[in-house]
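Novice: Order-wise, the sequence lines are chains A and B.
Quick note on the working numbering: the first sequence kicks off at 2 and runs consecutively.
Quick note on the working numbering: the second sequence kicks off at 2 and runs consecutively.
Among these hints, one or two may not hold up.
Stretch by stretch, here's where chain B covers chain A in the computed footprint (C-beta under 8 Å, at least three residues) [what the hints assert, rightly or not]:
{"no.": "1", "segment": "139–146"}
{"no.": "2", "segment": "203–213"}
{"no.": "3", "segment": "308–319"}
If you want a taste of the chain B side facing chain A, the calculated C-beta under 10 Å gives, among others [to be verified]:
{"no.": "4", "residue": "Ser86"}
{"no.": "5", "residue": "Asp100"}
{"no.": "6", "residue": "Gly110"}
{"no.": "7", "residue": "His117"}
{"no.": "8", "residue": "Trp120"}
{"no.": "9", "residue": "Thr132"}
{"no.": "10", "residue": "His173"}
{"no.": "11", "residue": "Arg178"}
{"no.": "12", "residue": "Trp182"}
{"no.": "13", "residue": "Pro197"}
{"no.": "14", "residue": "Pro201"}
{"no.": "15", "residue": "Ser202"}
{"no.": "16", "residue": "Val204"}
{"no.": "17", "residue": "Trp207"}
{"no.": "18", "residue": "Thr210"}
One side of the interface only, derived from the structure: several residues of chain B facing chain A at Cβ under 8 Å [to be verified]:
{"no.": "19", "residue": "Leu87"}
{"no.": "20", "residue": "Lys88"}
{"no.": "21", "residue": "Gln92"}
{"no.": "22", "residue": "Thr93"}
{"no.": "23", "residue": "Ala108"}
{"no.": "24", "residue": "Ser109"}
{"no.": "25", "residue": "Ala111"}
{"no.": "26", "residue": "Gln113"}
{"no.": "27", "residue": "Val114"}
{"no.": "28", "residue": "Gly131"}
{"no.": "29", "residue": "His133"}
{"no.": "30", "residue": "Arg175"}
{"no.": "31", "residue": "Ala203"}
I should point out that these hints are in silico values taken from the structure, not numbers from a laboratory.
In this text, a Cβ means the ideal position worked out from N, Cα and C, and glycines have one as well.
Spelled out, the chains give:
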Amino acid sequence: MTNPTLLVQGATLADGTQADILVKGTQVIEVGMGLSAAGAQKIDAQGLIALPGLVDLHTHLREPGFEQSETVLTGTQAAALGGFTSVFAMANTQPIADTAGVVEQVLRLGDEAGYATVRPIGAVTKGLEGTQLAELGAMAHSRAQVRVFSDDGKCVSDPLIMRRALEYVKTFGGVIAQHAQEPRLTIDAQMNEGEVSARLGLAGWPAVAEESIIARDVLLAEHVGSRLHICHLSTAGSVDVIRWAKKRGINVTAEVTPHHLLLTDERAESFDARFKVNPPLRRSEDVHALREALADGTIDIVATDHAPHPVETKECEWGAAAFGMVGLESALAVVQTTMVETGMMNWADVARVLSEAPARIGGLTSHGHKIAAGIQAELVLVDPTAQRTFGVEDLASLSHNSPYLGIDLMGQVVATIHQGYLTADNRTVIDAEIVAARAVEVLRG
Amino acid sequence: MKHLLSTRDLSREDAIQLLDIAEDMAAVNEREVKKLPALRGKTIVNLFFEDSTRTRISFEAAEKRLSADVINFAAKGSSVSKGESLKDTTQTLAAMGIDAVVIRHGASGAPQVLAHSGWIDAPVINAGDGTHEHPTQALLDAFTMRRRLHGAGSRGKGLDGVSVTIVGDILHSRVARSNIWLLQTLGAHVQLVSSPTLLPSAVDTWPVTVSYDLDEALASTAPDVVMMLRIQQERMKDAFFPNEREYSNLWGLTAERFLSLPEKTMVMHPGPMNRGLEISSLAADSPQSTVLDQVANGVSVRMAALYMVLTGEREVSHD
Chain A
2 MTNPTLLVQG
12 ATLADGTQAD
22 ILVKGTQVIE
32 VGMGLSAAGA
42 QKIDAQGLIA
52 LPGLVDLHTH
62 LREPGFEQSE
72 TVLTGTQAAA
82 LGGFTSVFAM
92 ANTQPIADTA
102 GVVEQVLRLG
112 DEAGYATVRP
122 IGAVTKGLEG
132 TQLAELGAMA
142 HSRAQVRVFS
152 DDGKCVSDPL
162 IMRRALEYVK
172 TFGGVIAQHA
182 QEPRLTIDAQ
192 MNEGEVSARL
202 GLAGWPAVAE
212 ESIIARDVLL
222 AEHVGSRLHI
232 CHLSTAGSVD
242 VIRWAKKRGI
252 NVTAEVTPHH
262 LLLTDERAES
272 FDARFKVNPP
282 LRRSEDVHAL
292 REALADGTID
302 IVATDHAPHP
312 VETKECEWGA
322 AAFGMVGLES
332 ALAVVQTTMV
342 ETGMMNWADV
352 ARVLSEAPAR
362 IGGLTSHGHK
372 IAAGIQAELV
382 LVDPTAQRTF
392 GVEDLASLSH
402 NSPYLGIDLM
412 GQVVATIHQG
422 YLTADNRTVI
432 DAEIVAARAV
442 EVLRG
Chain B
2 MKHLLSTRDL
12 SREDAIQLLD
22 IAEDMAAVNE
32 REVKKLPALR
42 GKTIVNLFFE
52 DSTRTRISFE
62 AAEKRLSADV
72 INFAAKGSSV
82 SKGESLKDTT
92 QTLAAMGIDA
102 VVIRHGASGA
112 PQVLAHSGWI
122 DAPVINAGDG
132 THEHPTQALL
142 DAFTMRRRLH
152 GAGSRGKGLD
162 GVSVTIVGDI
172 LHSRVARSNI
182 WLLQTLGAHV
192 QLVSSPTLLP
202 SAVDTWPVTV
212 SYDLDEALAS
222 TAPDVVMMLR
232 IQQERMKDAF
242 FPNEREYSNL
252 WGLTAERFLS
262 LPEKTMVMHP
272 GPMNRGLEIS
282 SLAADSPQST
292 VLDQVANGVS
302 VRMAALYMVL
312 TGEREVSHD
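Bound conformation, chain A alone (with noise of 0.2 Å):
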């Protein structure tokens, strides 16, 4: 038994042209008007728009060690039903993932669910902490072939690890991806340093926190030679730096996460820890800086920093509550509200920051193409007229912790296309067993 043949009907692609798409076995075969194949399943996609599947090169999949936060199954559902088709899982799992055997356990859980292409990162210092580097050859050379590495959560602060490492990578084409937070500057910080948090009394989380390891790290990736990526960019300034180091030749790509383009610091005055992250939500300046960078350039990519935590983690004092947000589901709808229906950025746009930039930089080659014959069927689709107050019945995640609930976003995910099959149709997810199934037909050939 082969997995069926999709014939995806009348779609408009990213650059706005209608067209039929014909998937068969792994492979997208055809792409054109008025297209046929006997027996295919076909998808009626009038009024949706069909960009490559979407890749988010930072997500944290909590498993294994925190298995009631969310598993490599549930996550990369919600995965699914956000439209993405692979996700980069971040380093901080127990065991850390810093040694080959860790990132070999995550690679083989994510071919297992099926819905996704799931690429472990690996952590740069062993233990994430911070003082000698882990078995990255070793990862890298795995059957994970790991190329992104990141102590995220953590800032990579010594300035002698972080220029080992960027040079270190070297060896094998990989990337330094840093959580840019001066930990001295961050003592028992909660929020963003401004206004609201004198107001408040939280203790600040400075902007210069991230700017000044972000512009002593694309110094040092300058001197010797190496590829840096920046995480969760959340500052004005942190634009201005990288625009500068842009400007100059240095090889640094930046992410922004979809909170930071549309949240500010002012949903802290609920005390609502729903609204604790780190880097924390920052000014509306900030998030205009960050919504022009984005369009212009300056930053590459969008990436969720997904990150689950169990409902009692949240529903605390503010102090006491775990950073992070989920956001897999609900970060094409989020870029569609801040970066589309602004006129800020187009649906070609909408493909390059979420899926053909962030797979380049990954160095994930079977992902992030335009749609075309030849390409492996990594497919979303997506309603741009969906409006929603997004809900608890919009996620799939195993936690409940999005700070966009009862939000009103536009646009949503109508199905989502992996390896040639359907991992979400219907705005739902695919049931695991039947995905799980299809995954086995593809490994099979």
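Go by the hints and put chain B onto chain A.
Specialist: Then chain B, alone, in the frame of chain A:
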């Protein structure tokens, strides 16, 4: 007024009403039998997640003088130290049937979370949360200022045109925050004096003037009120200031500075005082000092706050 969480959302009308009710309560406190039956049959829990003997006994006295039943819950040695959450602790108490919660918590915003959580239906009074607010302290300070300025004619008055200089660790002070908002609402002019390290970076967004020079600030404004804040000595470790002597020289109300003040100037301190550090004994023990008045007035103001949130009434009905 369902809850008393902060002074920032307190209207001028409500604030003056509360201070006027506190005048009635002060009259009760001057009687031989210091007791009203107003809250008979009501159970109030003092939920203290942070040590504070002074504030706790002040609330307890206020509750007892209103004839309420009082439960004291100190987090130290309770189930909280074994890791029970705010939610579970509160729901446990709610299940026992309580009519109001007075909460002191080390985390900013904890009273607000409690009030809006749905875990408990009772009114919540903030007895100090983290570095956020301490509304009953600001109300008792305002009450003290009003009484010193207007005596028996205090009722119905605000603090219009009164100049107040607050000195010390503003950054970490819930007392300062609550005072700033309330004093602004009541029409006073507030000046902050401190080291730049002990002011929030966004202090320019507050309705205050700021100075780093205490001598210059006192000389130029001749304030009606100087409020000294307690300085935590452990701040030295985090490089907020070099040492006690330098802090005292630059921002302490030394005997010399105190003697330079006009006689009308009230000297306030929320206690407990570090004598010789932020305040000299000469200032603390002078007739201009209101330190003990503040303690006495604290009971009256807390009686008024409890009375307002629990009875919903705006005037005291005399028995």
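Novice: Each hint: holds or not?
Specialist: Structure-based check of all given hints:
Figure legend: the segment 139–146 of chain A, annotated as covered by chain B; annotation inconsistent (0 residues with Cβ-Cβ distances under 8 Å, at least 3 required). Only residues whose beta carbon comes within less than 8 Å of a beta carbon in chain B count, and the segment 203–213 of chain A has 4; three or more means the coverage holds. Under the rule that three or more residues need a Cβ within less than 8 Å of chain B, the assignment of the segment 308–319 of chain A holds, with 5 such residues. Because the smallest distance between the Cβ of B:Ser86 and any Cβ of chain A comes to about 6 Å, under 10 Å, the interface hint for this residue holds.
Interface restraint check: B:Asp100 against chain A, minimum CB-CB distance 23 Å, threshold 10 Å, status violated. With its C-beta approaching chain A no nearer than about 3 Å, B:Gly110 sits inside the 10 Å limit, and its interface hint holds. For B:His117, the shortest C-beta to C-beta distance to chain A is roughly 8 Å, which falls under 10 Å, so the interface hint holds. Of the supplied interface hints, the one on B:Trp120 holds, with its beta-carbon coming within about 9 Å of a beta-carbon of chain A, less than 10 Å.
Given hint, B:Thr132 at the interface with chain A, holds; its Cβ is 4 Å from that chain's nearest Cβ, closer than 10 Å. For B:His173, the interface hint holds, since its Cβ comes within 10 Å of a Cβ in chain A; the closest pair sits about 8 Å apart. At a threshold of 10 Å, the smallest CB-CB gap from B:Arg178 to chain A is about 6 Å, leaving the interface hint in force. Annotation: interface hint on B:Trp182 holds; nearest CB of chain A at approximately 9 Å, less than 10 Å.
The criterion of a C-beta within 10 Å of any C-beta in chain A is not met by B:Pro197, whose closest approach is roughly 14 Å, and the hint is violated. Restraint check, B:Pro201 versus chain A: the minimum CB separation of about 3 Å is within 10 Å; hint holds. A distance limit of 10 Å between C-beta atoms decides the matter here; for B:Ser202 the minimum to chain A is near 6 Å, and the interface restraint holds. Interface hint at B:Val204: satisfied, since its Cβ lies 7 Å from the closest Cβ of chain A, which is below the 10 Å cut-off.
This hint holds: B:Trp207 has a C-beta 7 Å from the nearest C-beta of chain A, less than the 10 Å allowed. Below 10 Å, beta-carbon pairs count as interface contacts, and B:Thr210 has none with chain A, the closest being about 16 Å; its hint is therefore violated. Below 8 Å, beta-carbon pairs count as interface contacts, and B:Leu87 has one with chain A at about 6 Å; its hint therefore holds. Hint status for B:Lys88: holds, given a least beta-carbon distance of 6 Å to chain A, under 8 Å.
Here the hint on B:Gln92 is broken, as its CB sits about 11 Å from the closest CB of chain A, past 8 Å. Nearest Cβ of chain A to the Cβ of B:Thr93: about 15 Å, over the 8 Å cut. The hint is violated. Given the 8 Å rule on beta carbons, the hint for B:Ala108 holds: about 4 Å separates it from the nearest Cβ of chain A. Taking 8 Å as the C-beta cut-off, the interface hint given for B:Ser109 holds, the closest approach to chain A being about 4 Å.
Checking B:Ala111 against chain A: minimum C-beta separation of about 4 Å stays under 8 Å; hint holds. Because the beta carbon of B:Gln113 sits about 5 Å from the nearest beta carbon in chain A, less than 8 Å, this interface hint is met. Satisfaction of the interface hint for B:Val114 is found here, the shortest Cβ-Cβ separation to chain A being roughly 5 Å, below the 8 Å cut-off. The closest approach between the C-beta of B:Gly131 and any C-beta of chain A is roughly 6 Å, which is under the 8 Å cut-off, so the hint is satisfied.
Taken as an interface hint, B:His133 checks out: its beta carbon lies about 4 Å from the nearest beta carbon of chain A, inside 8 Å. Against a cut-off of 8 Å between C-beta atoms, the interface hint on B:Arg175 holds, since the closest Cβ of chain A lies about 6 Å away. At a threshold of 8 Å, the smallest CB-CB gap from B:Ala203 to chain A is about 4 Å, leaving the interface hint in force.
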